[in-house]
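Residue numbers (this note's numbering), protein chains in the order written: chain Y, 70 to 422; chain Z, 11 to 297; chain P, 1080 to 1379.
If you're looking for bench data, these hints aren't it; they were derived computationally from the structure. Hints may be right or wrong, so weigh each one.
The calculated DSS-like cross-link candidates involving lysine-lysine, where the alpha carbons are at most 30 angstroms apart (straight line), are [to be verified]:
1) Lys192(Z) <-> Lys247(Y)
2) Lys69(Z) <-> Lys171(Y)
3) Lys247(Y) <-> Lys74(Y)
4) Lys171(Y) <-> Lys118(Z)
5) Lys192(Z) <-> Lys74(Y)
6) Lys69(Z) <-> Lys1227(P)
7) Lys171(Y) <-> Lys247(Y)
8) Lys399(Y) <-> Lys315(Y)
9) Lys192(Z) <-> Lys200(Y)
10) Lys90(Y) <-> Lys69(Z)
11) Lys198(Y) <-> Lys171(Y)
12) Lys118(Z) <-> Lys74(Y)
13) Lys118(Z) <-> Lys90(Y)
14) Lys289(Y) <-> Lys74(Y)
15) Lys90(Y) <-> Lys315(Y)
16) Lys1371(P) <-> Lys118(Z)
17) Lys200(Y) <-> Lys247(Y)
18) Lys198(Y) <-> Lys192(Z)
19) Lys315(Y) <-> Lys247(Y)
Cβ-Cβ distance ranges computed for the label pairs, FRET-style [as the list claims (entries may be wrong)]:
20) Gln203(Y) <-> Ser1370(P): 41 to 49 angstroms
21) Glu239(Z) <-> Ser1370(P): 43 to 51 angstroms
22) Gln182(Z) <-> Arg1181(P): 26 to 34 angstroms
No experiment lies behind these values; they were computed from the predicted model shown. Think of the CB as a built atom: it goes at the ideal place given N, C-alpha and C, for glycine as much as any other residue.
One letter stands for each residue in the lines below.
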Amino acid sequence: MAQLKLRALNKTYNPQVVPLKDLSLDVQDGEFLTLLGPSGCGKSTTLRLIAGLEQPTRGEIWIGDRNVTEQAPGDRNIAMVFQSYALYPHMTVYDNIASGLKLRRMPASEIRQRIEEVNRFLGLDGLLKRKPGQLSGGQRQRVALARALVRRPDVFLLDEPLSNLDALLREQVRAELKQIFSDQNAPIVYVTHDQTEAMTLSTRVAVLNDGYLQQLDSPKRIYTRPANRFVAGFIGSPQMNLLPLKCDQNCAMLGRYPIPLPDRIRLPEVILGIRPEHVRLARPGETSTLQGQVMLVENLGMSDLLSVQVEGTSIGLRALLSPDQSWGEKNISLVLPAESLHWFDPQTGDRLP
Amino acid sequence: MTNSSSQASTHALSTRRIGLAIVILLILIFSLAPILWQLLTSFKTTADIAAIPNVYFPKQLTIEHYTEIFRRQPFLRYMFNSGFVAITSTLLCLLIGTPAAYALARLKLPGEQIVLAATLIVTLFPYILLFLGLLELVRTFGLANHYLALIVPYTAMNVPLTILVMRSFFQQLPRDLEDSAKVDGYSTVQMLLQILMPLTLPALVTTGILTFIAAWNEFLFALTFITRESMKTIPVAVAQLSGTAVFEIPYGALAAATVIGTLPLVLLLLIFQQRIVQGLTAGAVKG
Amino acid sequence: MSKTLRDQERQTGWWLLAPAVILLLLVYAYPIGRSFWLSLFTQNLGTELQPVFTGLNNYGRMAIDGRFWQSIGNTTLFTAISVLLELLLGLGTALVLNQSFRGRGAVRTIALLPWALPTALIATTWTWIFNDQFGVWNDLLMRAGLIKTGINWLGDPHWALWTVIAADVWKTTPFIAILLLAGLQAIPNDLYEAHTLDGASPWQNFYRITLPLLMPQILIATLFRFAQAFGIFDLIQVMTGGGPGGATETVSIYIYATIMRYLDFGYGAALVVVTFLILSLAVAIAAFWLSKLRPAGDWR
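Let the sequences and hints guide you as you build the complete structure.
Shown next, in the form of structure tokens:
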């Protein structure tokens, strides 16, 4: 099939509003790429540019060996699933699914055959003659998926397709999505602001912020090796601790506690990152611990989130600990395992190796 | 709370309710009385009509005024003229105004703000400012006593309203639907016809009713451009009924003619009042 | 770069817009522009309807035309009084219709009725009601003992303009009421609840919340009605024809008579131009006022 290539894609509305700044990336056949970021980061703009619903100010879009930058959306052979599903309310489910095929003058028999095929694994039986208004949210979502799948497009675009489902249904459909799209041999671009969706569905994740690509990596590496301070803070919940610290020789000073820096880092200040789930209680007799006072305990069910004020500082550290003890307002000693530490340059925000 | 104060508050509440009822009654009388009086007049005998003091509860009712206007005047013809001109101009207006409204709502055109502002301002100018120039055009093109002399201006005078109402309607439609249609491969015109038209049908009906009312009621152009009896519309024909006989105004016939001429509009209002209110507010407030 | 696609969309847009724009230019812009041109010519029965260029002569004639000034005065009076009354009655009606009571939908429909009916026909109804001999209005007043003999409402120069105003108020109050009602219904109820909790009386609720938040609608309705009332034609033409003795002759009636009765096209065109300019000025002032007020009222 075809590979999707974005080349230095830029969208400028006016000098103040630049939703997308020179984005380049490739998506391979069958690859599930998620564009992830906070609202206004440029992820939806990117998707709309790929679809041709908006025109880039600069840059090119290639599908396979076709430069589609100048092509109308309908000529690009892409399919898109919208957040609101965008089913045509006056058409039956069958006509909704068939509309793109009819416009391409596909013979009715082939349309019927394709719809039956999609119907089989989406379970739309009995719905085909209904109007979208008579469907539940989950059913509408399936119809929207069917409308995309039946097209057998060169590229699939999905714009937050799960955000209109309630929490319970969302998990179920998420699993189904993963299964459905694992069989598709076309690039899949998925937009979401939900990191769980990004982590579970994607083969690769592109984290965007302020129109810039922050990191493009597998979900695992996005979590274990965030490329900069933004990605570190954006991915993971509860949020990673990001502590600006002064350095003394080859240690960063967390209050009076020295934390050894990796060899190559020689800066007057650094940002130390550690995920709350990686902070652990010190075992009796363990050295290089730090003392702190528990300021706040939030019960998250399967663990407790503690806010700890590090002794002798005003620095707060969040730690995710097992909930089977009770935390008064007492002092505890914690360990920051060296292998779980991340270091960032306070100036550029980039990860320090 | 003590017992007496709670009594006082229910007392205040009931005075309030009575006050409201009285005001509502006044509104109803204000709105209905003139129409009902005309209705009553149309069924009174000529003797009762001219009776002094006035007869409020006639002992005898008659339909002679109704038969008279249909006998002495080509009244069906006037009705047809009004209906034909109003319906044709309404359809034309929707046909011309709706695409323009869509373009102004969705497509980013340079200068669209100017077109929109001009559309708004145009609705403020009374027809008397137009009629001299239009009269010339009508004469130049030989359209006097021709339906087109009314259809064209009626269409034009309703286009701004159509644009404002339909534009606000298009803006309320979810944008995803149009995007989805584009990705599916619909061209702009195909999308307008096959996706948006069915969805805007309610708004088209709303707008159509407003334009129909305006066209049916128009007086100045109908008075100026049409002089032949068989081409006259209802408002002009009825107004001239009182003018033709200076000394003996046929009040009964006039009342009957008024009732007949307003009947279609009363029916429209009764059936579509919800839509009319929507359209009026969409056209004026949101614009 | 990526011009072709956007150009295509733009081109489609212009095609969609073109018929409407052409029609509006033909029916609105051309006649008014043409009037500017014609106003520079004298073309009447004296010139045997041949246009003779006379520059600004028509405007000079207007300056000393007492009938013109009287029509301006009548129009101004008619507009000011009728719009003011309509606003007050319309606001009152809207406030009542905004209350919840049984049969509100039906009352609203009935209240809207006068607006929907053809002005020319309604004019005959009012002419009949205000008839000096058989009119029901005189009859009611006499029965109530307020007057002894019938008043010639439309034939007496002291009463005629007021009578016409009454008919206009009846006809167009519903329009204002419906616009203001929509505005009232858009004001969120929790504003009133919060204000009441703060200790405000219903009257304070009205002038601190309702009135300020309704101001945009009030101004828009006023602007619309002002323009319509300034150009009033059909109601007066049918009820009095401008009489008696010019007591109800508005600018529109005068323009119509100048052109259709006296066949004085050049002077009629000049009248059109001056009316257009006066109206434009008033609308510009009102629009400016509105745009200054809009941000304050932009709470939605």
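Subject >> Hint numbers contradicted by this structure >> reply: 2, 10, 15 and 19
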